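Trainee: Residue strings, one per chain:
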Amino acid sequence: MENNNTRIDAARVIGITTAAALSIVWIAASTIGTEVSAPFKAFLKGAFTHHWIGKGGIAIILFFVVTFVMTLVARRSQHTNVAPALLFMLWASVFASVAIIGLYGYIDFFK
Amino acid sequence: MTTQLLFMLILHVFSGLIGVIFSYATLMELVRHNYSLPYLRRTSVGAVILYLLAWLSGGYYYVTYYGTTVKPVILAGAHPFAHSFFLEVKEHLFLLLPFMAITSATFFWYTNEEGKIDERLRGSLITLVAMTTIIGICIALAGVVTSGAVK
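Chains V and X are the protein sequences, given in the same order.
Position 63 (the first sequence) corresponds to 63 in my numbering; numbering is contiguous.
Position 132 (the second sequence) corresponds to 243 in my numbering; numbering is contiguous.
These are calculated hints, taken from the structure and not from any lab test.
Keep in mind the model is a prediction, meaning the values are calculated, not measured.
Treat the hints with caution; some may be incorrect.
Where chain V lies over chain X, by a calculated footprint (3+ residues, C-beta under 8 Å) [as the list claims (entries may be wrong)]:
no.: 1; region: 184-196
no.: 2; region: 201-214
no.: 3; region: 238-250
The beta-carbon is built from N, C-alpha and C at its ideal position, and this holds for glycine as well.
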C-alpha cells in the first residue's frame, strides 16, 4: 500500500515545473525558428541529423539542466511557493499550442 | 515497410492512445472530491512512460520512413494539407505532451502534511491535465487524418 505522505520538496517541484515550461517555450520558439530561418533549420539538421530530433533533443537537455539549476536556486533561496511555476507552465503550454497551430495554419491556409 | 517499422508504428499508435486514456483517467479522478492519490500517481506516471514510448517509436518511424516514403505520397495526393497542416502540427504538439505529463505527475508527489494536494493548486492541475488530454485527443485525430490521406 502506497503512503500518501510520500512527498517531494517544493524546490524540486519548482525546478521540474520551470524546466518543463522552458522546454515547452523552446519547442514553440524553435518550431517557429525552423519555419522562418532556413540556416537555423539546417543547423539543427546538421547537428542532430534531423531538425525534429534537434528540437526534441535540446528540449530534453534543457529540461535536465534547468531542473538541476532551478532546484538548487529554489533550495538555497528557501523558496517554497510552487504556484507561480505551475502558472508559468500553464501559460507556456497555452502559448506553445496556439503558436504551433497558428503557425502551420497560417503557412498552409493563408500564405 | 519492414517488420521493425511496422512494429514501431503500431507501438506509437497504441502507446499514444493508452497514454491519452491514462491522462483522461487522471483528469476524471482529479475532479472527484474524494480522489485517490495513489491512483493519480499511477495513472500520471503511466501517461509519462507511454508518451515517451510513443515519442521514441513515432520519432523513429517519422525520421527513417515517413519523410522519404509517406510524405511525398500525401503531398502529391488530393489532400496535401494532411501533411502540411495536420502532421506538422501533430509532430510538434507531440513534443509538448511528455513535459506537461511530467509536471502534473510531479505535483501528485507534492502533498500537504495530510497527504492531500493543496486545494489552491488543484484547479491549475485540473486545467493542465485537461489540456494534456485534449492535445492528446487532437494528436490522435490528426494521425487518423494523415493515415487516411495516404490511401
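Trainee: Each hint should be assessed against the structure and marked as holding or not.
Mentor: Now for the hints, and whether the structure bears them out:
1. 184-196: Holds: 3 residues of the region 184-196 of chain X have a Cβ under 8 Å from chain V.
2. 201-214: Per the Cβ count (9), the hint holds.
3. 238-250: holds (count 4)
Comparing the model with each numbered hint stated earlier shows that all of them hold.
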